[in-house]
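Participant: Given chain P's structure and the hints, the job is docking chain Y onto it.
2 protein chains.
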Amino acid sequence: MDNRPIGIFDSGVGGLTVFSELIKALPNEDMIYLGDTKQFPYGNKSKDTIIELTKRNTEFLIKKDVKAVVIACGTATSQALDSVCDIYNVPVIGIIKPTVTSLNNEKPKRVGVMATTGTIRSKTWQTEIKKYMPDTEIINQACPLLAQMAEEGWIDNDVARLTIREYVKVFKERPVEKLILGCTHYPLFMKTIEEELGTGTEIIDTGKKVGNYLKEYLKNEQKEANRKKQANYEFFLTDMESQFLNVAKNILQRDIEIKKARMHI
Amino acid sequence: MDNRPIGIFDSGVGGLTVFSELIKALPNEDMIYLGDTKQFPYGNKSKDTIIELTKRNTEFLIKKDVKAVVIACGTATSQALDSVCDIYNVPVIGIIKPTVTSLNNEKPKRVGVMATTGTIRSKTWQTEIKKYMPDTEIINQACPLLAQMAEEGWIDNDVARLTIREYVKVFKERPVEKLILGCTHYPLFMKTIEEELGTGTEIIDTGKKVGNYLKEYLKNEQKEANRKKQANYEFFLTDMESQFLNVAKNILQRDIEIKKARMHI
Numbered sequence: 054m055d056n057r058p059i060g061i062f063d064s065g066v067g068g069l070t071v072f073s074e075l076i077k078a079l080p081n082e083d084m085i086y087l088g089d090t091k092q093f094p095y096g097n098k099s100k101d102t103i104i105e106l107t108k109r110n111t112e113f114l115i116k117k118d119v120k121a122v123v124i125a126c127g128t129a130t131s132q133a134l135d136s137v138c139d140i141y142n143v144p145v146i147g148i149i150k151p152t153v154t155s156l157n158n159e160k161p162k163r164v165g166v167m168a169t170t171g172t173i174r175s176k177t178w179q180t181e182i183k184k185y186m187p188d189t190e191i192i193n194q195a196c197p198l199l200a201q202m203a204e205e206g207w208i209d210n211d212v213a214r215l216t217i218r219e220y221v222k223v224f225k226e227r228p229v230e231k232l233i234l235g236c237t238h239y240p241l242f243m244k245t246i247e248e249e250l251g252t253g254t255e256i257i258d259t260g261k262k263v264g265n266y267l268k269e270y271l272k273n274e275q276k277e278a279n280r281k282k283q284a285n286y287e288f289f290l291t292d293m294e295s296q297f298l299n300v301a302k303n304i305l306q307r308d309i310e311i312k313k314a315r316m317h318i
Numbered sequence: 054m055d056n057r058p059i060g061i062f063d064s065g066v067g068g069l070t071v072f073s074e075l076i077k078a079l080p081n082e083d084m085i086y087l088g089d090t091k092q093f094p095y096g097n098k099s100k101d102t103i104i105e106l107t108k109r110n111t112e113f114l115i116k117k118d119v120k121a122v123v124i125a126c127g128t129a130t131s132q133a134l135d136s137v138c139d140i141y142n143v144p145v146i147g148i149i150k151p152t153v154t155s156l157n158n159e160k161p162k163r164v165g166v167m168a169t170t171g172t173i174r175s176k177t178w179q180t181e182i183k184k185y186m187p188d189t190e191i192i193n194q195a196c197p198l199l200a201q202m203a204e205e206g207w208i209d210n211d212v213a214r215l216t217i218r219e220y221v222k223v224f225k226e227r228p229v230e231k232l233i234l235g236c237t238h239y240p241l242f243m244k245t246i247e248e249e250l251g252t253g254t255e256i257i258d259t260g261k262k263v264g265n266y267l268k269e270y271l272k273n274e275q276k277e278a279n280r281k282k283q284a285n286y287e288f289f290l291t292d293m294e295s296q297f298l299n300v301a302k303n304i305l306q307r308d309i310e311i312k313k314a315r316m317h318i
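Chains as they are written, first to last, in this note's numbering: chain P, 54 to 318; chain Y, 54 to 318.
The reader is advised that the hints may include incorrect statements.
A pair counts as met if it fits within one copy or between any two copies, since identical chains are not told apart.
SDA-like mimics (lysine to any residue), calculated; alpha carbons at most 25 Å apart, straight line [said to hold, decoys possible]:
#: 1; residue 1: K108; residue 2: K281
#: 2; residue 1: K176; residue 2: L298
#: 3; residue 1: K108; residue 2: D292
#: 4; residue 1: K176; residue 2: D292
#: 5; residue 1: K302; residue 2: S99
#: 6; residue 1: K108; residue 2: K313
#: 7; residue 1: K108; residue 2: M316
#: 8; residue 1: K162; residue 2: M243
#: 9; residue 1: K281; residue 2: M84
#: 10; residue 1: K100; residue 2: R315
#: 11; residue 1: K100; residue 2: I309
#: 12; residue 1: K302; residue 2: A195
#: 13; residue 1: K100; residue 2: L298
#: 14; residue 1: K312; residue 2: R174
#: 15; residue 1: K282; residue 2: T252
#: 16; residue 1: K312; residue 2: T170
#: 17; residue 1: K222; residue 2: N299
#: 18; residue 1: K176; residue 2: N210
#: 19; residue 1: K176; residue 2: M293
#: 20; residue 1: K108; residue 2: R307
#: 21; residue 1: K222; residue 2: N210
#: 22; residue 1: K268; residue 2: N142
#: 23; residue 1: K313; residue 2: R109
#: 24; residue 1: K244; residue 2: E219
#: 25; residue 1: K100; residue 2: E310
#: 26; residue 1: K261; residue 2: M84
#: 27; residue 1: K231; residue 2: I309
#: 28; residue 1: K312; residue 2: E105
#: 29; residue 1: K313; residue 2: I104
If you are wondering where the hints come from, they were derived from the structure by calculation, not from laboratory data.
For reference, chain P alone in the conformation it holds in the complex:
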């Protein structure tokens, strides 16, 4: 039994798609969410910068006494998880391993990955999928702009649709059984992606996979919270002037209160 909260971070509002799945899978757990809106977007930053920011965010959450850190950001998972997973005394969990291991039973022949430029460049999804499923073919599509559109709340308009139409072209030419949304902002566009892609492909929201993985982990380690009161959620942002509250309301279907996370740039 461990009543400490779970820490979650993302570059902005995208990690809330993971957060919303975590609170479904783990309704008794307290959570602390950190959105690094000051440094958003992560998608086109270099690996060194992403590692530096990931360490800083992880340490911010560890100082809040969390029992686990979830990197609810595809870019930070793909480029920095390896560099931070062994250096802290709490487990640090990304979005890639929980997703890939969940696909392992089905061994799909062809898998698509939509992600930021940095994530695609890192080839982390590819490496991780090949580790478990060496015969699976992977088709990658970098999608700069989508995370930014999500952050601005441009989720359901013609520009988002046209951008997505451009990005999914490759998966219409070479159909995939599973399409992984490798950036946590992209589930916000789920409806449009489904419509533009057509039928025959299962779209994978990594948040659900992380929720199942973390539930299993806490159970195995006997670290589940044990309390009767309602779970408590705290939200910190590094920069307050963003569309965070509006997009958050859309995702979580409730009003939330945000606090300023003070960090050096």
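Facilitator: Here is chain Y on its own, set in the frame of chain P:
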């Protein structure tokens, strides 16, 4: 006579539209360009962050022994110039005053401003225009996403066109005599903006105005360079992994060499 270079900075590649006008207006001057690609985009960061980054960039250029610093970034000009213009022993010039003073002869009745969210929120264009032309009406349009599209090289495609169509709607409903491109990335979309806007409006590229202003300033202060050799240009980026080189080639019509500017995040 002063043979020291002129320093120019922007959050990314947009300031090159100013740079390209400066080298036309001042062909004998050496220039040092700094693109803060690591922190791009500035447009949705808070005022405090913009001031912090502007100081850091200005000090980087001053350490390179420049005789003047041009803030070739609308967001940094609008939110940080006031805080930095008096604290260094070299002049710091933004894009707003040179543009506004150049319009003063014509005293247009209605002026439009397209800029980042941060710039529009700061009301700096409005305040500066009203100072010289109290009877001029100003129509503002925040354009998140456009700078990001420019940075990705999405300059001439349907997504850019649809985004611009959305942003210029207000200027079709309430026509303006002059439309100021208040972010230095936007001249990259000049053709599309012209086409979507239709005739009757003069579109103002601030780079040209800054070129004229700086030429006049150097002449008055007798700080013009005096040399026969070809001018020398240096380009620094805070993060090397961006589309900078591709977009730069498009703007400058030549290949350039870039160096890494080492700074703490």
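Participant: Going back to the hint list, which numbers does this structure go against?
Facilitator: 1, 15, 18, 20, 27
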